[in-house]
Structures are given as C-alpha cells and as structure tokens.
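Protein sequence lines, in the order shown, are assigned to chains U and E. So the first sequence is numbered by numbering that gives the first Met the number 0: it starts at 0 and just counts up by one. So the second sequence is numbered by numbering that gives the first Met the number 0: it starts at 0 and just counts up by one.
A couple of the hints might just be wrong.
Simulated restraints on C-beta separations [unchecked claim]:
id : chain 1 : residue 1 : chain 2 : residue 2 : range
1  : E       : Glu68     : U       : Asn360    : 31 to 41 Å
2  : E       : Asp111    : U       : Pro43     : 32 to 42 Å
3  : U       : Gly247    : E       : Thr166    : 25 to 35 Å
4  : E       : Leu171    : U       : Gln227    : 52 to 62 Å
5  : U       : Gly130    : E       : Gly107    : 48 to 58 Å
Each computed DMTMM-like pair below joins lysine to aspartate or glutamate, with the alpha-carbon atoms no more than 25 Å apart [as the list claims (entries may be wrong)]:
id : chain 1 : residue 1 : chain 2 : residue 2
6  : U       : Lys276    : U       : Glu342
7  : E       : Lys151    : E       : Glu2
8  : U       : Lys229    : U       : Asp131
9  : U       : Lys229    : U       : Asp215
10 : U       : Lys2      : E       : Glu200
11 : U       : Lys2      : E       : Glu194
12 : E       : Lys151    : E       : Asp133
13 : U       : Lys185    : U       : Asp236
14 : U       : Lys2      : E       : Asp198
15 : E       : Lys214    : U       : Asp341
16 : U       : Lys276    : U       : Asp341
17 : U       : Lys2      : E       : Glu179
18 : U       : Lys2      : E       : Asp168
19 : E       : Lys214    : U       : Glu269
20 : E       : Lys214    : E       : Glu2
21 : U       : Lys2      : E       : Glu195
22 : E       : Lys151    : E       : Asp119
23 : U       : Lys2      : E       : Asp133
24 : U       : Lys2      : E       : Asp172
25 : E       : Lys214    : E       : Glu194
26 : E       : Lys151    : E       : Asp87
27 : U       : Lys2      : E       : Glu164
To give a feel for the contact side, a few chain E residues facing chain U, derived at Cβ under 7 Å [unchecked claim]:
id : residue
28 : Pro44
29 : Tyr45
30 : Arg128
31 : Pro129
32 : Glu164
Calculated directly from the structure, the hints in this document are not laboratory data. All figures in this text were calculated on a predicted structure; none of them were measured in a lab. Don't be surprised by glycine CBs; every beta carbon is placed ideally from N, CA and C.
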Amino acid sequence: MAKKLMKGCEAIGEAAIRAGCKLFFGYPITPQNEIPEYLSHRLPQVGGTFVQAESEVGASNMIYGAAGAGERVFTSSSSPGISLMQEAVSYLAGAELPVVIVNIMRAGPGLGGILPSQADYFQATKGGGHGDFNTLVLAPWSVQEAADLVADAFDLADYYRNPVYVLGDGLIGQMMEPVEFREDRKPLKDLAAKTWASTGWKGDRPRAVINSLYLDADTLEQHNRDLQAKYATIRRDEVRWQGYGLDGDYDVLIVAYGTVARVCLTAMEELREQGIKAAILRPISLYPFPYDAVRQASARARAVLVVELSAGQMIQDVQLAVAETRPIHFHGRTGGNLVSPDEAAAKVREVLDGRSQEVRNA
Amino acid sequence: MFERRITIVVGHFGSGKTEIAVNGAVRLAAGGTPVALVDIDVVKPYFRTREARDLLSDLGVELVAPAGENATADLPIVLPRVRTLCRDTSRKVVVDAGGDDTGARVLGSLSDVLAGQAPDLLLVLNFRRPFTPDVPSAVAMARDIEAAARLKVTGIVANTHLMAETTADVILDGLRMARETADMLGVDVRAVAVEEGLDREIAAAAPGVEVFPLKRIVQPPVGPMNLKVPRTGPLFVVR
Numbered sequence: 000m001a002k003k004l005m006k007g008c009e010a011i012g013e014a015a016i017r018a019g020c021k022l023f024f025g026y027p028i029t030p031q032n033e034i035p036e037y038l039s040h041r042l043p044q045v046g047g048t049f050v051q052a053e054s055e056v057g058a059s060n061m062i063y064g065a066a067g068a069g070e071r072v073f074t075s076s077s078s079p080g081i082s083l084m085q086e087a088v089s090y091l092a093g094a095e096l097p098v099v100i101v102n103i104m105r106a107g108p109g110l111g112g113i114l115p116s117q118a119d120y121f122q123a124t125k126g127g128g129h130g131d132f133n134t135l136v137l138a139p140w141s142v143q144e145a146a147d148l149v150a151d152a153f154d155l156a157d158y159y160r161n162p163v164y165v166l167g168d169g170l171i172g173q174m175m176e177p178v179e180f181r182e183d184r185k186p187l188k189d190l191a192a193k194t195w196a197s198t199g200w201k202g203d204r205p206r207a208v209i210n211s212l213y214l215d216a217d218t219l220e221q222h223n224r225d226l227q228a229k230y231a232t233i234r235r236d237e238v239r240w241q242g243y244g245l246d247g248d249y250d251v252l253i254v255a256y257g258t259v260a261r262v263c264l265t266a267m268e269e270l271r272e273q274g275i276k277a278a279i280l281r282p283i284s285l286y287p288f289p290y291d292a293v294r295q296a297s298a299r300a301r302a303v304l305v306v307e308l309s310a311g312q313m314i315q316d317v318q319l320a321v322a323e324t325r326p327i328h329f330h331g332r333t334g335g336n337l338v339s340p341d342e343a344a345a346k347v348r349e350v351l352d353g354r355s356q357e358v359r360n361a
Numbered sequence: 000m001f002e003r004r005i006t007i008v009v010g011h012f013g014s015g016k017t018e019i020a021v022n023g024a025v026r027l028a029a030g031g032t033p034v035a036l037v038d039i040d041v042v043k044p045y046f047r048t049r050e051a052r053d054l055l056s057d058l059g060v061e062l063v064a065p066a067g068e069n070a071t072a073d074l075p076i077v078l079p080r081v082r083t084l085c086r087d088t089s090r091k092v093v094v095d096a097g098g099d100d101t102g103a104r105v106l107g108s109l110s111d112v113l114a115g116q117a118p119d120l121l122l123v124l125n126f127r128r129p130f131t132p133d134v135p136s137a138v139a140m141a142r143d144i145e146a147a148a149r150l151k152v153t154g155i156v157a158n159t160h161l162m163a164e165t166t167a168d169v170i171l172d173g174l175r176m177a178r179e180t181a182d183m184l185g186v187d188v189r190a191v192a193v194e195e196g197l198d199r200e201i202a203a204a205a206p207g208v209e210v211f212p213l214k215r216i217v218q219p220p221v222g223p224m225n226l227k228v229p230r231t232g233p234l235f236v237v238r
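Using the sequences and the hints, build the whole thing.
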C-alpha cells in the first residue's frame, strides 16, 4: 500500500481495524478525538460497530463486556478520561480480559490542559486501579511506531489475556507523519482459540463465566498467584527498548521515551558534533521496564540523565535499575510545554561540568 | 493566489490549510500589503496559526485568533473582529478555516458579511491523506464544504506531500488528480504548493501552473527521524 500522511490518532484507528478490531467504545476528549472521529467513519465500512458511550465509565465497562464475549475491542481516551476508567481496568485485569487502551496524554493534574504530557506514567505502569495487577504498557515515538505497536498490543492482549496500554503524549496523537500498513504482517504470538469466552453455552464445554469476584480467601490468593506468575512471564519475555550511540564511548546516558526521545536524539547528534558524547536508551515497553538494559548501559557512563514531560516519574524506575551506582540527573517540563533539543543539550553540558544537581530521593 | 481582497483557505482536516494560509499572509506582508490572518479553525487543537503569533507579528501580519488562555482551549471561539475585517476594505484578509465541512460551517455563519465581497475560496488537496485518496472523494468533500460554507470553491491548491518523504513523483501525481478534480468542479488549479528544495524541479516538470514555495512554520520539534531539527520555542518550532 502507498504511504499515507496520517495523524497519530488516525493511524491508531486504522491499525486497530487492520488488527481485526471491529468494536470501539469511547467518549470524546482532546487531544485524542480524531481516534473516535476516524473510527466513526471507518468502522461501519468494515462491518464494525462504533459507540459513543455516555461516559468513560460506560465505555470501559462496554469493552469489558465485548472482551468477555471473545471479541477484539479497544477504547481510547486522554488522561482525565483514563482516570475515570481505572475501576474497569482493575476488573479487566482481575477477570483476565484482553483489551487495548490508548491514552494520548495531556497535561494534568485534574482537567489540566489539552497540551502534551507524559505524566500518566505512574498510573499506567504501577496500576492506577486497586489490587495487585499490572498492565503491559507500550510507548511509541513516531506515528508509524504508534500504528505498529497498536497491532502488537492486540496480539499481546490476547496472548496474555491482559489489558495493554499504548501510551502516547499529545504530539503522538496530533502530529502527521507518513505511515505504511504492511499487508504481510504476521501475528506476534501463536494465539489460541478463546475457549474461555462467554459466547453462549451449548452443553459442549464447561460454562464460561467472566468474573473477578472470589469470596474464598484461598481461592483468591491462588488467583493472585496465577496472575503474578503471568506478570513474571511478561517481565521476562516482553521487554522492549532501543539504544542510540550505545556501541561507542559515552559520558552521559540519556533515558527518555516517546517523542521526548526523538528530541534527545537531535540533541545527542548536535552534542557529538561538538565532541560531547551522550547516548540514549529509549524504553519502548514501560511495563515491563528494561531494568537490565538501563543497568548495563549506565555502567559505561559517568552519569545518567532522565528526560520526561512530567515532574519526574520514570526516574524512579531508572533509580531502581542504576541502584546508586551512578549519579542520576533529571530534566522535565510540565503544563504542556515540550523539551527542546537546545534544552536537552544544555542539560547534558550541565551534567558534565558540574552545574546540574544530582537527583536524590525522587 | 491571494490576489483578491479576501482569500479563504478550506479543505480536508490535515490537508495543509494552515501552512498555506500562514505562508500566503507572510508573503503579502513581505510585499508591503496590509494583511490580517484570520484563524477560525475550530477543529484541530494543536498546530494552529496562533502557535506562530510572535513570528507573524514580527513579519507585520495581524493575527486574529484567540489569545491568552483561550489560545490553548479546545473551544469554538470566533472573535468579533473577524466580522469587522470582512467589511474593512483597507486591508487584505487571509482566512484559515477549520477542516472539513465541520470547520467550514463557521464560514456559513459569516455569509452575511462575506456576501458582496467576492472572496476567493481555495480548496487545498493532499491526496495522501486517508479520506481523500482519489478524485471522487475530493469532489464529494468539496461539495460538503461548499454547502456548509454557503460559498463556491473558486480554485484549487495542489498540496499532495508526505512531509520529509515527499518526492517529485508524489507531488506530480497529486497535481494530476488535483487537475481532474478542478475539471469536475469547473475551476482551475491555482497553484501547486511545494516545500522549499523541490520547487525548481516541479516548476520544470509542471509548466503552466504557479509553484507556491512553502516554508513549514507551524510544526512539532521532533522532526523526521533522520533530519536535523531546528531551534524550538516552548511548544512548536517556528523557523
């Protein structure tokens, strides 16, 4: 197929359709409205169903129902709307239902503003809802990667029977880039038939009941052990990251994800022209976080610099990885302001000449 | 292009209206023409003309768009000065309308002040955008916009591109489809917009059509993967 020029939101919607998703339930919120807008046109063309729910609470429970019936389904929202969905996310994880949730993050807290942010890292990676559960979290840095990761997210959700987030800042949703959808894409995993799905009992198998309620303590503890075993497999098998400049020498290791990593890449190339050596490690999976990769890459640097569109959230995972073996510095912007390449480069220089203060107790 | 007193830029969401309107206003101002750029884009939340407010002011373009906190609100604000400017014959006016018939509806609400002013209604077409892949869909979109705007399309700007991956073939293929669309609508292709760098090649390959060199002004700081990103402001690149 010829390349199209698409907004991130449009590419996400098209990628979901191409992944075989025919159901979307959601509620409008800026800056992700182009996802439901796109799907409201496209889903009827492919025999699918688009429903604008009465609220995010409604939408998130509709995806619970559709996933329980064995259908591929997804929803999208932006930060405040994702907060409203957190009860359902916990239920989805408890009932082991495969869904894809796209969060095009805007600046918070509260209603905040409509401009880009990465301040929902904790909510996505540490479980915004109640109980011991985890969700896979994938963070694209381009429109093409957003489309590719949405396709992967559906496979991972089905394989692990678990909610998967695709986490993009507002720019990922709103900016336009060339996108190609490959016709020959193969599923990421061997996917079994959904025999657990509640599709109408005909006496030929045990009744399939979708549930997260276990009143007996031992039964619920066993359910939790099974979930934890699944999360351990995810942490072992699903770590994704990319490195830039890690093969050569470097003094500063930058850890950044999403569009911020692209800004840092520009800064890194400019710094190298001036003889200042930085490298970048970009986590693509935020859960599972690439702890081992960050630990190994940081061992070859004098210092680590974390750059985020937040007051500092991923920095805690970097601290866990580095385990006080290297000084960690931080540069973040909030409110919808972006990090510029100049800012990132200036911070690297400050780290090296001692003007930047190391972060303690983040 | 931009010869008439009022030029209104319409088209599909993401077709490049804002860049063409901004470039047109800047070009008029550079030639010494008093010009106001009117932002009535009530559709898209990012990458609006208001991101370039300081740059436009420096270049002598009066920007008529929500300011202060309202600049970054997702509210359908149309400033009262828009109606004044439509009647003010002392200056030229370039209007950046929102995408699709949804965005063009604001023009419909201005039809009483636009009547008698004979505005140019330029339709911007990028055939690499998902909802206008071919001539029939572009014609259908033009008809929807005309109905909502209560105005007829008077010309077409061919703006088919793939950002940093644009080639001459992409542009020329889009120009061919723009000409077919223009024939169906009974108007002319007024210009082919080309990012600086490819403009000479296109001018040689497509004689008889104005090449409108485009400088990308309102865009994110992340840039294409393999290209240098220029200096950035707090939110969007203005170079």
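Comparing the hints with the structure gives:
For the pair Glu68(E) and Asn360(U), the beta carbons lie near 34 Å from each other, so the given range of 31 to 41 Å is met. At about 37 Å, the CB distance of Asp111(E) to Pro43(U) agrees with the hint of 32 to 42 Å. Remark: the range hint 25 to 35 Å for Gly247(U) to Thr166(E) is upheld by a beta-carbon distance near 33 Å. For the pair Leu171(E) and Gln227(U), the beta carbons lie near 59 Å from each other, so the given range of 52 to 62 Å is met.
In this structure, Gly130(U) and Gly107(E) meet the distance hint of 48 to 58 Å, their C-beta atoms being roughly 52 Å apart. A hinted pair counts as satisfied when its Cα atoms are at most 25 Å apart, and Lys276(U) with Glu342(U) qualifies at roughly 16 Å. Using a Cα cut-off of 25 Å, the hinted pair Lys151(E) and Glu2(E) holds, with the two alpha carbons roughly 17 Å apart. The straight-line distance between the Cα atoms of Lys229(U) and Asp131(U) is roughly 12 Å, inside the 25 Å bound, and the hint therefore holds.
Using a Cα cut-off of 25 Å, the hinted pair Lys229(U) and Asp215(U) holds, with the two alpha carbons roughly 21 Å apart. Between Lys2(U) and Glu200(E) the CA atoms are separated by roughly 22 Å; this keeps the pair inside 25 Å, and the hint holds. In summary, the hint linking Lys2(U) to Glu194(E) is supported, as the alpha carbons are separated by about 18 Å, within the 25 Å threshold. With a C-alpha separation of about 21 Å, the suggested pairing of Lys151(E) with Asp133(E) holds against the 25 Å cut-off.
Between Lys185(U) and Asp236(U) the alpha-carbon distance is near 18 Å, which keeps this suggested pair within the 25 Å criterion. Simply put, Lys2(U) and Asp198(E) have alpha-carbon atoms about 22 Å apart, close enough for the 25 Å limit, and the pair holds. Distance check on the hinted pair: Lys214(E) and Asp341(U) sit about 22 Å apart at the alpha-carbon level, within 25 Å; holds. The straight-line distance between the Cα atoms of Lys276(U) and Asp341(U) is roughly 15 Å, inside the 25 Å bound, and the hint therefore holds.
Pair hint Lys2(U) plus Glu179(E) holds up; C-alpha atoms about 21 Å apart against a cutoff of 25 Å. A distance of roughly 13 Å separates the Cα atoms of Lys2(U) and Asp168(E); the hinted pair therefore holds under the 25 Å criterion. Distance check on the hinted pair: Lys214(E) and Glu269(U) sit about 23 Å apart at the alpha-carbon level, within 25 Å; holds. Proximity of Lys214(E) to Glu2(E) is assessed by CA-CA distance (about 20 Å); at most 25 Å being required, the pair is judged to hold.
A distance of roughly 21 Å separates the Cα atoms of Lys2(U) and Glu195(E); the hinted pair therefore holds under the 25 Å criterion. Distance hint between Lys151(E) and Asp119(E) is fulfilled; the C-alpha atoms sit about 9 Å from each other, no more than 25 Å. Between Lys2(U) and Asp133(E) the CA atoms are separated by roughly 14 Å; this keeps the pair inside 25 Å, and the hint holds. About 13 Å separates the Cα atoms of Lys2(U) and Asp172(E), which keeps this hinted pair within 25 Å; it holds.
Among the hinted pairs, Lys214(E) with Glu194(E) is consistent with the structure: their alpha-carbon atoms are about 6 Å apart, no more than 25 Å. Distance hint between Lys151(E) and Asp87(E) is fulfilled; the C-alpha atoms sit about 22 Å from each other, no more than 25 Å. In summary, the hint linking Lys2(U) to Glu164(E) is supported, as the alpha carbons are separated by about 9 Å, within the 25 Å threshold. Checking Pro44(E) against chain U: minimum C-beta separation of about 5 Å stays under 7 Å; hint holds.
Given the 7 Å rule on beta carbons, the hint for Tyr45(E) holds: about 4 Å separates it from the nearest Cβ of chain U. Annotation: Arg128(E) was flagged as interfacial toward chain U, and the flag holds, the nearest CB pair being 6 Å apart, inside 7 Å. Interface restraint check for Pro129(E): the shortest CB-CB distance to chain U comes to about 5 Å, inside 7 Å, so the restraint holds. Of the supplied interface hints, the one on Glu164(E) holds, with its beta-carbon coming within about 5 Å of a beta-carbon of chain U, less than 7 Å.
Violated hints are absent here; each numbered hint is respected by the structure.
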